[in-house]
Every structure is written in C-alpha cells, then in structure tokens.
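Enquirer: Given chain W, put chains E, B and G in place with the hints provided.
Chain by chain, the residues:
Number of protein chains: 4
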Amino acid sequence: MEMKTIGVLTSGGDAPGMNAAVRAVVRTAIFKGIRVVGIRRGYNGLIDGDIFEMNLRSVSDIIHRGGTVLYTARSPEFKTEEGMQKAVDTCHKEGIDGIVVIGGDGSYRGARDLSLRGIPCVGLPGTIDNDISSTDYTIGFDTAMNTAMEMVDRLRDTTQSHERCSVVEVMGRRAGYLALQTGVAVGATSILVPEVPYDIDRDIVARMRKTQMSGKKHFIVVVAEGVGGVQELAKEIEARTGIESRATILGHVQRGGSPTVRDRVMASQMGHQAVELLSQGIGNRVVCFRGDKILNKDIYEALAEQKEFDFNLYRIAHEISI
Amino acid sequence: MEMKTIGVLTSGGDAPGMNAAVRAVVRTAIFKGIRVVGIRRGYNGLIDGDIFEMNLRSVSDIIHRGGTVLYTARSPEFKTEEGMQKAVDTCHKEGIDGIVVIGGDGSYRGARDLSLRGIPCVGLPGTIDNDISSTDYTIGFDTAMNTAMEMVDRLRDTTQSHERCSVVEVMGRRAGYLALQTGVAVGATSILVPEVPYDIDRDIVARMRKTQMSGKKHFIVVVAEGVGGVQELAKEIEARTGIESRATILGHVQRGGSPTVRDRVMASQMGHQAVELLSQGIGNRVVCFRGDKILNKDIYEALAEQKEFDFNLYRIAHEISI
Amino acid sequence: MEMKTIGVLTSGGDAPGMNAAVRAVVRTAIFKGIRVVGIRRGYNGLIDGDIFEMNLRSVSDIIHRGGTVLYTARSPEFKTEEGMQKAVDTCHKEGIDGIVVIGGDGSYRGARDLSLRGIPCVGLPGTIDNDISSTDYTIGFDTAMNTAMEMVDRLRDTTQSHERCSVVEVMGRRAGYLALQTGVAVGATSILVPEVPYDIDRDIVARMRKTQMSGKKHFIVVVAEGVGGVQELAKEIEARTGIESRATILGHVQRGGSPTVRDRVMASQMGHQAVELLSQGIGNRVVCFRGDKILNKDIYEALAEQKEFDFNLYRIAHEISI
Amino acid sequence: MEMKTIGVLTSGGDAPGMNAAVRAVVRTAIFKGIRVVGIRRGYNGLIDGDIFEMNLRSVSDIIHRGGTVLYTARSPEFKTEEGMQKAVDTCHKEGIDGIVVIGGDGSYRGARDLSLRGIPCVGLPGTIDNDISSTDYTIGFDTAMNTAMEMVDRLRDTTQSHERCSVVEVMGRRAGYLALQTGVAVGATSILVPEVPYDIDRDIVARMRKTQMSGKKHFIVVVAEGVGGVQELAKEIEARTGIESRATILGHVQRGGSPTVRDRVMASQMGHQAVELLSQGIGNRVVCFRGDKILNKDIYEALAEQKEFDFNLYRIAHEISI
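Protein chains in written order, with numbering that gives the first Met the number 0: chain W, 0 to 321; chain E, 0 to 321; chain B, 0 to 321; chain G, 0 to 321.
Isolated chain W (complex conformation):
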C-alpha cells in the first residue's frame, strides 16, 4: 500500500512538545514526498471533516510553543459505531491513507480501531503524566516536571521565611511519576504517590520530627493528585506537629509552557519515526521510548503492558531527604 496522504491529530489532554511532534510529522512526510493534512480537535475533526492542507511553513516557529496548534478535545462520538464510520468516510473522501495520533492510552484505542477499519494509524505518547504503560517517556513529562519544580522552588522561599510546612499537590491522577521526580528534585521531606500507601505518622510526622532535630524548620510535602486531600492533610500535619502548614494545588499551570529540550527532541524523533512507519504502510503501532531507544510496538500489546513504579528512586528519596 502506497501512502500518498497522511493526516495528523492531537487528542486528549494537551502537552508541551505536541507542536514539536506535529512539526516533525509534517516535515518528515514532505521530505519523503508524502502529502500531509492537519485534523483539528482530535477525532472530532475526523468526524466533522475539519481538515486542512499542511506545508513546510504550516509548522514554522511552533517548536517552542506549548499547547497544540491542531487543538485537542475528547470525542465521545468517536467511540460510537456511527462516529467511527463517519471518521472512516472522511478519510476516504479526503484521501487520507494513514494517520499519526498524538495522545494517551485513550487515543491509542481510537488509533487501533481505525487501523482495524483499514486506516493505518501510528500512536505517539503525549501526556504530561507519563502514565502510558508502553513507554518509559511521554512527550510533555519533562516540561511538566520542571514547571512543577520551579513552582515548588518559589514556594520554598516563603515556606523557609515563615518556617512552615508546604503541602503541594502536583498532577498525576493515576500515577505518581510526576510527584516522585518533582519530590526528589525539590528535596521534599515526604512524597505521597498512589502506588505506595502511606501512614501520616510514620511517613510524614516522624520524618519532620527527625529533620527538625537536626535543625531544619521548614518542610515540603509533595502529593500526587491521585492521592489528593492536601487541604485536610495540611490541617492534620499542623495538628500533629504544631508547625504551621499550608496546602497548594499547582493545577493546570503544569500543562503549559514552552517545552524543554528533552520534550522537543523526543517529540521530533518520535514524529519522525511515526512517518517512517506509515511511509512503509505499517499501521496499528505505537512509538515508544525504552532504555535509550525509540522503538515501536503493536497497539494491542502496548495497551496490555504494565509499567513499573521506580521504587528504587522512591527509597533513595527517603534516605537523602532528612
């Protein structure tokens, strides 16, 4: 099967680096003599035919921009048989021979279903949470970690000046990757993640007391969104330790901003590989990062994988943050 035209879309939550991935897809395709169209608002654009021709200059000066120039949205309609059929019809009508889908596991399921219906799709991992099981790294994760870290570094100033405890919620509904990395990077006294149950006395209060005995009077506790309850936790810590405690939820600010080098380079490489696959007529694959290599695998297998939490880093964090 020859690829004459490929489409590209971003789906699910936006992540810094998505634009760099779109740029790499467009440029690699054109380099290979393949026509590219942009699909707006994720799978909705495929259903509604919201599609436009892209050229080298469509992706100029976007590599450093957060968000996604293709817009993104969730698409409940795409999960229905009718929506899926409309999408397939659009592909036929527009002559789209294959699609690069940038998003998370939910987006991958759509890519798999489209592939099954004869439109080869390749998925790229794009989410700030790094919670895609088939890859060690997702586009947007590095930027989000650094944004969270910089925000906690600012909090540190006021926490230290007032000799308080700051309880900070970072993103990560299902996974503690962002909380763990951020927590290590800011030297948090305690890090709470969904993967590890915690005991407030053992894991927070006792650690604060031990640290206090060595002369330190301010504390940072990093909590993953999936653990939650930071307002109550701050009150509880204050009640048990007598140290004034304040909760902060970093929120959506973590999703935005200009991507870091790592996100831009990773997105460029992944976007390139996605087109390499499609140009050979290969679909139903996801691009992933394992070890230090960019690989690809079958979407079915990808969706079935389990990802391990880095318990070793978690243990190191506890040893060195007293």
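For the record, the hints were derived by calculation from the structure and aren't laboratory data.
The model shown is predicted, which means the values in this text are computed figures rather than measured ones.
Treat the hints with caution; some may be incorrect.
[Unchecked claim] Straight-line C-alpha distance at most 16 Å; calculated EDC-like pairs for lysine to aspartate or glutamate:
| id | chain 1 | residue 1 | chain 2 | residue 2 |
| --- | --- | --- | --- | --- |
| 1 | G | K292 | W | D309 |
| 2 | B | K215 | E | D152 |
| 3 | W | K215 | W | E243 |
| 4 | E | K292 | B | E235 |
[As the list claims (entries may be wrong)] Among the chain W residues that face chain G by a calculated CB cut under 7 Å, a handful are:
| id | residue |
| --- | --- |
| 5 | I62 |
| 6 | I242 |
| 7 | H271 |
Just so it is clear, CB atoms sit at the ideal spot from N, CA and C, and this is done for glycine as well.
Expert: Chains E, B and G only, in chain W's frame:
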C-alpha cells in the same frame, strides 16, 4: 542623638526583594560607620532577644534570593503592653538606637509605637499586594505580578488548545492592583477586583460573546483573591455560555522567587534612604515611592492615607481586550 | 480632520512589548470605529505598499510574544526626498489618514517629516536601551534589564564556584541605563557607563581589594556596550589583581523574550494614547512617560530634549556593593 | 576495609547539579553512619588540608542552586608526585578512608591515582558538555542545554523581526552533544559540530535557499565551540546569501543557573550510588548512566572508552529543519 547601632527586621508576609532591602540597610550603615544587628522573625526577635551582629559579608549573595534571610512572623505578643516593653528592654540591653522595619501597614504600626517609646524606627514597604496606602510601589509587587503573569501565560497554552475559559485567582485580599496589572498583561477578557462591583452578564458573559463573534474561542478571566469564588464563577460561566470553564488558584507560589530588577533596585534605594534617615536621628518615618521619587513621610500620616485604584487603566483594559 | 483609517508600523531595533503596543493600537482604533492597516518592515512597507488590513483577531495572542509581528527594518530610502514622496503617495492611495510609529529617535524624525507632509503621525518609544531623551521609560527596557540580570545571575554561579571576576558587557551603545540598573540588581562591584569616565585602579581594582579584605572572593563588573573593551579589561584586571577574570558579551539575547508585565502594560497604555491623539486629528506628537504619567509632546520638542543619568543611583550602587 | 570517614570534592569546570550530588553523598553517608568531610577547591583542598566536617544541615537548601558550594579549581600541583603525596598525607592525617570526586575525565585520572595509593575513590560525571566517554549522561548537561535553548529562543524573536540569520556558538570544545540537542530543539537550519566536517555551501547556504523558497526569511545556525569562527561564518553567510547575518557567543552563562529536574534527580541517584560503593570498600570506580540504568565501572576502563555521536539524530535534524 547619635546612632551607634541600628537593627533591621522583616515582618508580616514575606516578599521578594526583602533581602535586597536588608542588604542595602546593612551595607549603607557600615558605609556610614554604624554597627548593624539583625533581628530574627520580626518583632518576635526583639521580644526574645534573637539578635545577631551583621557585617558586609552577612548579606553577600542574597540580593537575588526570594524570601527573607531574617525570617518573618506575625507577633501577637508585640501588640500587648508587656510585649512592647520587652522589645524596648531588648533595644536598651543590646544598645539598639534605631530600627529599620520592612513590612506592611501592620508592621508600620509597631514601628510607630516603638518610635513613641524612644526607639526611632523607619518603615519600608514590603508586600507583594502593593496595598500600602502611603506608597505607589511596594517591594515584591513587580516580582509577584510577573510570576502571576508567567503562570497565566502557561495556562493560556492549555486554554487555547482546548478552547476553554480559564478563571484565575491571583493574590490581593484587600486590593486589586495585582489582578489589574496581571489582567492587562495577559490580555484577560475580564478582570474582577474588589474596588469595582461586577455583573456576570455584563462584565463577563457579554464580553465573551462579543469576542467569540470575532472568532476567538478561548478566554481568560482574572479575579482578585478579595473577590474570590472562582470555582463557582467558572461553573456559572460554563452554565451561561456553554464554554468549558476551569478555575485555578495561583496561591502562595506568587510570594516567592528571585526578585526582578525593579524590586531589587527599589529595595536598594529604599534601604539606603532608611539608613540615611536613622543616621540623622530621624525616626517615626516611612519610606515611600511617589511619582518617580523615593520620599519619606511621618508614620501617622502614612497610615491615614488613602490610595486610589487606577480606574483609567481598568477602562483601557476593557477597551483593548476583546 | 476625520480619521477613517490609521496605519501602524514598527521601526528600528525590535523590542519586547512592541507587539503589545501594536495590539493596543489596533484594538483601540477598532473600539473607536477607525479602520486599521498594518505596515510591514517599518518605513519600507510604506514605500513599497506592503500594507494589510488588520482586525481584532490580527492581534490575538501576541501580547506575550517578543519581537514584532509587523517586522522591522531600517530604511535609508525613506530618508531621501524620493522615498518620502513614495511613502506619502502610498498613504494617499491606501487612504491612510494617520500613522502610529513605534521606534526610537530615528523613527521619530521620520514621523515628524511625514507629519509635515500632511500625514499626522504619533511616535511611541520602543527600544531596549531606554535612550530616548523625551521619556523616562521606553517599551522593552524592563524586559531587557531582567534578561540581562538573569544571565548575570547564572554567571554568578560559575564566578562564585571558581572564585573569579566576571566582566560582563550589557547593551547600551550611547547610554548606561541598562548597565546601571542591571549592575545594581546583581550587586556588581563596579559599573562602567558612558556617562561617567572611569579609572581602573580607583573604580575597579581598589574596590575589589576592599571587598576581598572583608572575605569575598568573586566579583562582577558590569560594563555598558558604549564603554566596551571587556576582553582587554578582563585581562587588565587579572594582571593587576591576580584574580582570574573572564569577559562575557551578553549580546542580542537581550533584545528578545516574552515581555514583562511592565512592558506589556506600558505598551498597552501608550498604544491607547497614540490612537486617542490621532482620533482627534492630532499628529506630530510622541507619547512619553514622565514621573508616573503617560503624556505626549511635540516631536520637535521631544527630539531636542536632554535626558539625565541617575547619578544618585550610581552613587548608592557604589556605597552598597562592597 | 571499613569506611569511617569519606570526603567529597568537586573538580574541573562547575556544572549545575553538582550541589545536588554533594547533598546526596553527604546524606547517604550519614544515613549509613559514615562521617563526611567536605574538601574545598578540588584536589587543592586535599593538598592544602582545606577540609571541613559536614552534617545533614550543611547541604540544606542547596539542591536548587547552580555552581558548587565546595568551590572548584584545576590543580596542576596535584599532577606532580609531590602534590599527590601531600594529598595522601592529608587523607591519613584527617582519617579520610575514601573520596567521592565529582568532575570530568581529568578529575577521574586523579581519582584513579589516589585509588592506586590506597585511598579508594569513586568518580561522578559532572560537566555541562556531556563529553565523558564512559557515560551517556553527565550532571549539568540537561540544564546547560535548556539554558542554551532559552537563549536561542530569545534570539529567535529578534532574528525573526529583522528577517536575519543568527549564527550562535554554544559550548562544547571537544564535542557537539550540546550543539546537536540545542540545534534540534530550536529547529536550527544548520548544526555544525566537531564530529562532522561541513561545507558552507552544501550545509548552510543551500539549506537556507531551499528554506527561503518555501517562504521563510529568518534562520538560525547553531555552531559548537569546537568548530568556532562564528564571526567569520556570519560574514561569509551574509556575503553568499545577501541575508543579514549576526554572530552570538552564548558563553559562560550556559554553565550556571538552577539545575533542571533531570540534573537534580540524576545527581541524587549518582551521589547515592557512589557512597554505596565506598561503603563496601570499593574504589577506583566511576558511576555512569547507560541506557536507562545507573551503573559503575572501573576507572581504567572508563577512561579508555569511546563515545559515539548520535548521527541518527543529526540526520533527522536535517530532514525536519527546512
């Protein structure tokens, strides 16, 4: 009266630039041959005698640090006659002839009371809210505005990618200065401040509709802490416009971070002037910024002043943010 | 004279905040029912007829962008009688009744000449150097200062770790405003500006020795571009003090970046005022900032003014940076 | 052999994340009941006996600071037999049983020589250039890349506004890793590295022309320090293309700044592993990062390794940056 020794303390909420002010106080005093002592944790340090000798190197490499190396705290005890007496006793015991107090209106009242009891004090305006009536500018305001703006710039990426409305609460319990400046700087569709009552339909919904008609699909609404209620407001906006709306509270992150040029330079000039005054035996004054000049005035007068909200800028914001 | 259509252009070196000014011009004009056209590449666009219609959305999401969406260039042809006549012809042909010119003194002269030929022009001060005599503040100055400061803050880390002296050149060919503010903000041991002659022994070496005696071992010397010679100066300092010295030229990086709050707000207010003037048929004026007010004045007078260097701040810097 | 006391030093050029590594070494040692001393100014401190006791609080609030709190310096004396002997004597006198050396290949050779003389040493890779052959990653590299990228992003604004070509020199005397990553991240039209000879017409001019034909008018060329000659190159590009070209040398600014998440986390893990090794009496090793694992290897072997340039990424860069 000859000043042999002066003390310096930071009081109330911390603000970026306080360290630059402390540095200027210490260095100017030493330049003039005056001994300087640091007083820790605001007026508490004066009550408890938590005082230490400072030299040129005590303030090395702090000009760029957020927070305050002297720590800060509120001091309910200082408001009692007994606490005040302890503070005066400490001054006599330690040979402190005058004090520079860096903080807000509450701290100024303490400075006035100490001055009345024979310890000349000079107040410096330090608060991120810019809500000190006697001055156009307070140390920390510029940094806080820029921090808030950068955070909203990040939110803009995700707001735009998802075509949402972001309702963002910035600091400012009593005043909308921070909200107004931030709102203008991010091009907010609407800015809500305590100084101006608002009507959700006229001031938000109608403006969003008008903007929408010209082709824009994402919106930012900046709300001062003193107006509050951003969660409910986001729900209400979504209900009335059908546009997905999300609330974000920027929180204490706005208090920290390395100070901007303006905060460092202003703090340096103000700290310098405070010591100029004390070195001439002049107390019961506050340093302030009016027009483009650093001046000083009587604390009583300073506390009695009223500050005007910049309604002209507020009006401009509404004309150009459609 | 009724203004039906106004044009806007950016001229000379670009500066962060120019986009915010363009946005304010466009939006204010449309708010007043005036048509706006963009003129590309400064006066060249006027000569070549490189002009396009602008609407509310032409300036969406540019307030936070550095550079200028209208592009900028110097225009030698515009200084000739022939070029000037072409520009006037374009205005007549395109129905341009008045122009907002954003740039420096050179751009003001063009605005004056056009005004004389019946096209009322209003100048806005846009340059990172703050070297426009008629105004206390120029759009871009605050951003450039903060960029320079952040870069020197980074240099400080390595200067301190290696116990060196860093000699840093910041922009400012004709004026030391940027060097002075940056120097105070980073706590430079010495600040060299074109406005003040210096003696290497008295103003650098002696100050370093004095500082060294109090225990400090790293030094920063900030030098304005107009003083220059940082490579040689670094060698000379090393020869005279025995302290390893390194020169760094910050360069064009200082011109770019997302504008600060102050630049965005100032540009918004100035752009608004420029259209207020033109809408009343008033030309041959420049908008300026004096004290704490945005004012306007005759271009002839503006070009004839002299601006004073802040010798008081320069003196304070020397007292507190030991 | 039981480790009662270990020392830690930083050597060679400073790098962001060195403080995070020192912190991890100190905290891990104390966690294991081992005493730790800090050695100032690299191997010089060992020769001069400039050594101090460290505790949990010696490394508080340094994880986010650039530079190194232990200072660093090159030590020609240490390379002599006499200097080496003095260092060994200091270890015996101070009871230092093992040392963690943070630095580059030069520092590793010192660590090897000390190990040979009975003082077990473990090397940690710390340099912004990533030019240590035995490891895929060096502490400081990620921060330096991001600093360089942010600076070029600022240059992009002015490059674009003036439709110029910017020729930017980034650090890397012997290796193009930093230039390659930065170049990909900023979407540079051409990237010049010491590993790949270049032809100005084929690799720069022809690429600029091709890009120009598609409508782009501004260009960024990233050049590694080891290639050099950016001033001449800019002139040559301007002569051959007619496009105004400017050279910028980013310089030492790239060495400083608060470390990124990656540098802080990597440094924490590596510092932890170094103490794990020493605590088992194992010396003459370096810690390294390979694939996605932190490993360690013999210093002799480490120094003999060759590192490959990522030609694949280099190729991708050329395909997608037109």
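Enquirer: Confirm or reject each hint.
Expert: Consistency of the hints with the structure:
no., hint, result
1, K292(G) - D309(W), "holds (12 Å)"
2, K215(B) - D152(E), "violated (39 Å)"
3, K215(W) - E243(W), "holds (14 Å)"
4, K292(E) - E235(B), "violated (38 Å)"
5, I62, "holds (5 Å)"
6, I242, "violated (16 Å)"
7, H271, "holds (5 Å)"
Going down the numbered hints, you'll see the structure goes against 2, 4, 6, while the others check out.
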